[in-house]
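Student: Each chain, written out:
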Amino acid sequence: SQTIHQWPATLVQPVGSPLSLECTVEGTSNPNLYWYRQAAGRGLQLLFYSVGIGQISSEVPQNLSASRPQDRQFILSSKKLLLSDSGFYLCAWSVGGAYNEQFFGPGTRLTVL
Amino acid sequence: KNEVEQSPQNLTAQEGEFITINCSYSVGISALHWLQQHPGGGIVSLFMLSSGKKKHGRLIATINIQEKHSSLHITASHPRDSAVYICAPSGTYKYIFGTGTRLKVLA
Chain A
1 SQTIHQWPAT LVQPVGSPLS LECTVEGTSN PNLYWYRQAA GRGLQLLFYS
51 VGIGQISSEV PQNLSASRPQ DRQFILSSKK LLLSDSGFYL CAWSVGGAYN
101 EQFFGPGTRL TVL
Chain B
1001 KNEVEQSPQN LTAQEGEFIT INCSYSVGIS ALHWLQQHPG GGIVSLFMLS
1051 SGKKKHGRLI ATINIQEKHS SLHITASHPR DSAVYICAPS GTYKYIFGTG
1101 TRLKVLA
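As they're listed, the protein sequences go chains A and B.
For the first sequence, our numbering gives the first residue as 1, with consecutive numbering after it.
For the second sequence, our numbering gives the first residue as 1001, with consecutive numbering after it.
Because the hints were derived from the structure by calculation, they are not lab data.
Fair warning: this is a prediction, and the values are worked out from it, not measured in the lab.
Keep in mind that a hint or two might mislead.
[To be verified] Covered, in the sense of this in silico footprint (three residues per stretch, anywhere, with C-beta under 8 Å from a C-beta of chain B), are these stretches of chain A: (1) 32–44; (2) 78–87; (3) 99–105.
Where a beta carbon is used, it is the ideal one built from N, C-alpha and C, also for glycine.
Just chain A, with the same shape it has in the complex (with noise of 0.2 Å):
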């Protein structure tokens, strides 16, 4: 079975930091991958998806990066974090296809003090 690990869970930084966030997923080959982002009690966006190795697209203007390294990893990293990058980070999977149905992984509580 699929299974899909982010980590860490929480995160406390300072501004102006890097940042490096990893998600994995097992049991499956070539899958899409997503990160998202929640503010506090603001719904889901969508900040970054990948088809495949090396193929990363930008949903939004941000302070924000994505690399896909290797087929079941995602990494989302910025060089100087912002009070605005506070969040919750879900990273999800789907394995494409018409109907797309996506997974999503525990997620990383990112406070940016």
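Model the placement of chain B on the given structure of chain A, informed by the hints.
Tutor: Just chain B now, kept in the frame of chain A:
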């Protein structure tokens, strides 16, 4: 106007009540998903619909493609159903998220 509208935005019910959450969308879709977000933040996929009706336990989801409308029903609601329920029509790659319905079921 948002592409996906959910109603109600907030709902408080007594344990045992029948609950309905509605979702209307204005875009062409390949499927519609109902998600449940727990208070801790985790998201679970409840249903994926392309037509008709599906049932899992006490949860029932329906979709009318022609009217671009879907409903999620919870029968015999329980406090453990308290969560945010999100409607998400999807195309080939992306979900379009509704604003969510925050449900609280009181014992």
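Student: Hints first: check each against the structure and report whether it holds.
Tutor: Going down the list of hints, with the structure as the test:
Counting residues of the stretch 32–44 of chain A whose CB lies closer than 8 Å to any CB of chain B gives 4, which reaches the minimum of 3, so the coverage claim holds. Given as covered by chain B, the stretch 78–87 of chain A fails the check, having 0 residues with a CB less than 8 Å from a CB of that chain where 3 are the minimum. Remark: the stretch 99–105 of chain A is confirmed as covered by chain B, as 6 of its residues place a Cβ nearer than 8 Å to a Cβ of that chain, reaching the required three.
In this structure, only the earlier hint numbered 2 is contradicted, and the remaining ones agree with it.
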